[in-house]
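Student: Numbering (full-length UniProt numbering), first residue to last: 1 to 501.
In short, the hints are calculated from the structure, not lab data. Quick caveat: nothing in here was measured; it's all calculated off a predicted structure. Yeah, the Cβ is synthetic: ideal placement off N, Cα and C, and Gly gets one too. Mixed in with the good hints there might be a few duds.
[Unchecked claim] List time: in silico DSSO-like cross-link candidates among lysine-lysine, alpha-carbon distance up to 30 Å:
| hint | residue 1 | residue 2 |
| --- | --- | --- |
| 1 | 173 | 87 |
| 2 | 55 | 18 |
| 3 | 268 | 295 |
[As the list claims (entries may be wrong)] Per label pair, the in silico range of CB-to-CB distance:
| hint | residue 1 | residue 2 | range |
| --- | --- | --- | --- |
| 4 | 103 | 297 | 16 to 26 Å |
| 5 | 428 | 344 | 18 to 28 Å |
| 6 | 58 | 370 | 32 to 42 Å |
| 7 | 139 | 370 | 29 to 39 Å |
| 8 | 377 | 399 | 25 to 35 Å |
| 9 | 176 | 445 | 33 to 43 Å |
| 10 | 21 | 133 | 39 to 49 Å |
| 11 | 26 | 132 | 43 to 53 Å |
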Amino acid sequence: MLHHEYTTKEVFRNNFFKDWRKEMTLEERLLITHLDKCDFTEIHRYFVDKAAARKALPKEEKQKLKEEAAKLQQEFGYCILDGHREKIGNFKMEPPGLFCGRGEHPKMGMVKRRVLSEDVVINCSRDAVPGPPVGHQWREVCSDTTVTWLAAWTENIQNRTKYIALNPSSKLKGEKDRQKYEVARRLGGLVDEIRAQYQAAWEAPEVKTRQRAVALYFIDKLALRAGHEKEDKTADTVGCCSLRVEHVRLHARAAGRQHVVELDFLGKDSVRYHQLVSVEEPVFRNLQLFMKNKKPRDSLFDRLTTSSLNKHLQHLMHGLTAKVFRTYNASVTLQEQLQVLTRATDSQADKVLAYSRANRAVAILCNHQRATPRSFETSMQALRRKIEAKEAQVAEAQEELQRAMASPRTGGDSKSRRLLQQRQQRLQRLSGQLARARAQATAKDENKQVALGTSKLNYLDPRISIAWCRRFGVPVEKVYSRAQRERFAWALQEGDEHFQF
Numbered sequence: 001m002l003h004h005e006y007t008t009k010e011v012f013r014n015n016f017f018k019d020w021r022k023e024m025t026l027e028e029r030l031l032i033t034h035l036d037k038c039d040f041t042e043i044h045r046y047f048v049d050k051a052a053a054r055k056a057l058p059k060e061e062k063q064k065l066k067e068e069a070a071k072l073q074q075e076f077g078y079c080i081l082d083g084h085r086e087k088i089g090n091f092k093m094e095p096p097g098l099f100c101g102r103g104e105h106p107k108m109g110m111v112k113r114r115v116l117s118e119d120v121v122i123n124c125s126r127d128a129v130p131g132p133p134v135g136h137q138w139r140e141v142c143s144d145t146t147v148t149w150l151a152a153w154t155e156n157i158q159n160r161t162k163y164i165a166l167n168p169s170s171k172l173k174g175e176k177d178r179q180k181y182e183v184a185r186r187l188g189g190l191v192d193e194i195r196a197q198y199q200a201a202w203e204a205p206e207v208k209t210r211q212r213a214v215a216l217y218f219i220d221k222l223a224l225r226a227g228h229e230k231e232d233k234t235a236d237t238v239g240c241c242s243l244r245v246e247h248v249r250l251h252a253r254a255a256g257r258q259h260v261v262e263l264d265f266l267g268k269d270s271v272r273y274h275q276l277v278s279v280e281e282p283v284f285r286n287l288q289l290f291m292k293n294k295k296p297r298d299s300l301f302d303r304l305t306t307s308s309l310n311k312h313l314q315h316l317m318h319g320l321t322a323k324v325f326r327t328y329n330a331s332v333t334l335q336e337q338l339q340v341l342t343r344a345t346d347s348q349a350d351k352v353l354a355y356s357r358a359n360r361a362v363a364i365l366c367n368h369q370r371a372t373p374r375s376f377e378t379s380m381q382a383l384r385r386k387i388e389a390k391e392a393q394v395a396e397a398q399e400e401l402q403r404a405m406a407s408p409r410t411g412g413d414s415k416s417r418r419l420l421q422q423r424q425q426r427l428q429r430l431s432g433q434l435a436r437a438r439a440q441a442t443a444k445d446e447n448k449q450v451a452l453g454t455s456k457l458n459y460l461d462p463r464i465s466i467a468w469c470r471r472f473g474v475p476v477e478k479v480y481s482r483a484q485r486e487r488f489a490w491a492l493q494e495g496d497e498h499f500q501f
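Using the sequences and the hints given, assemble the complete structure.
Tutor: Printed below as a string of structure tokens:
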């Protein structure tokens, strides 16, 4: 942590020092008064050396540690649910540390306390209560069959409840995942009617109704989250309902388009949302009305609350939320992009690249960003070297094949024919490897600031991807990792090549 960019931020340093001083003795507080004068080099070196020593352990010692970890997994990493042994997702408690948050979080640097048994609520059968560590006791033991968490506690930074829950590959989690996507598919049967309703409401006599209609348009078209009321000392993140006038700029014409709305705000996890979008003329006029005579810090949708919007969504369709809209539009976008980008005649590498680009379109829609990884340039250089080496091998293989074809003995004896076949196969194999390396480099560069995993795991019906794989002969392993295949086992059973979202 010592050399992380967070430690250069004033908010991080001030919060850390303030929390650290709370843990000091009176004598230490009198002695340690300025963080700038503290030298953590020795502590840092100790942990770096410890990590290096662990890395340098002989193979036998590493295997022993691996076996001990597996033993812990077997003992604590499973539970019995309805008579079936199910894997637990996060059976290890979070260690104490420093809170980072995302973006410019006002609480970054605060000290995360160690969680003790006395903080934890256990949820299990009454005849199967696990014993707490020696000398400790659980805060509470309950048997609530209406929830899926196994243990819960309240973390001290944001006062949020955290949970130990089942692994995503568990049957119960799979059923909940499937239900989520079925609700989104149900929206598909009503979405045209809902869109017609909110478009008609743009001309409603009541400003409140117009605001709700424009907000719903944003949620549908731009995949915005609904947003909610914020407490003090939390990051200034907003959603659709909590947009302020300062987050919106209107351009009669921009980038060759008419009625352009520029949105610029911090969304979930303090990730910046900045887009210029062309909207329908009634939406543009309504936004002008909503912003008239308001100050920058005033609410854009001042007649609308998240709760009233959610009630309206429930009235439109049982179970409908802003997240259902995001899930529906994300899945539809993936399916449409895969149809546009994939050709049956493409190589497997090009098909995988097409999938990556379709996934990227969804991530951009949902504003799933990430910082460029620190190892990006190093890994790209390694890929470029690999491509150059493969290009040289392909050129050499082409020359060898041409020489073999030009040989007067070609087509004569069986040995010459076999040699020619070997040269052709080698060129084909190397050309395939070169194509895969180039596709990998392209995907890596295009996605360096896009987080593909969030949408893939949470917003995209896996049956779309599995159906695409089976339709175009792409191994599912090229799209989903082993853990993801376990998570989506239900979809692997259902997602035949004819599935349509």
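Student: Indicate, hint by hint, whether the structure satisfies it.
Tutor: Evaluated hints:
| no. | hint | in the structure |
| --- | --- | --- |
| 1 | 173 - 87 | holds (11 Å) |
| 2 | 55 - 18 | violated (35 Å) |
| 3 | 268 - 295 | holds (24 Å) |
| 4 | 103 - 297: 16 to 26 Å | holds (19 Å) |
| 5 | 428 - 344: 18 to 28 Å | holds (19 Å) |
| 6 | 58 - 370: 32 to 42 Å | holds (37 Å) |
| 7 | 139 - 370: 29 to 39 Å | holds (36 Å) |
| 8 | 377 - 399: 25 to 35 Å | holds (33 Å) |
| 9 | 176 - 445: 33 to 43 Å | holds (36 Å) |
| 10 | 21 - 133: 39 to 49 Å | violated (29 Å) |
| 11 | 26 - 132: 43 to 53 Å | violated (33 Å) |
Hints 2, 10 and 11 from the earlier list are contradicted by this structure; the remaining hints agree with it.
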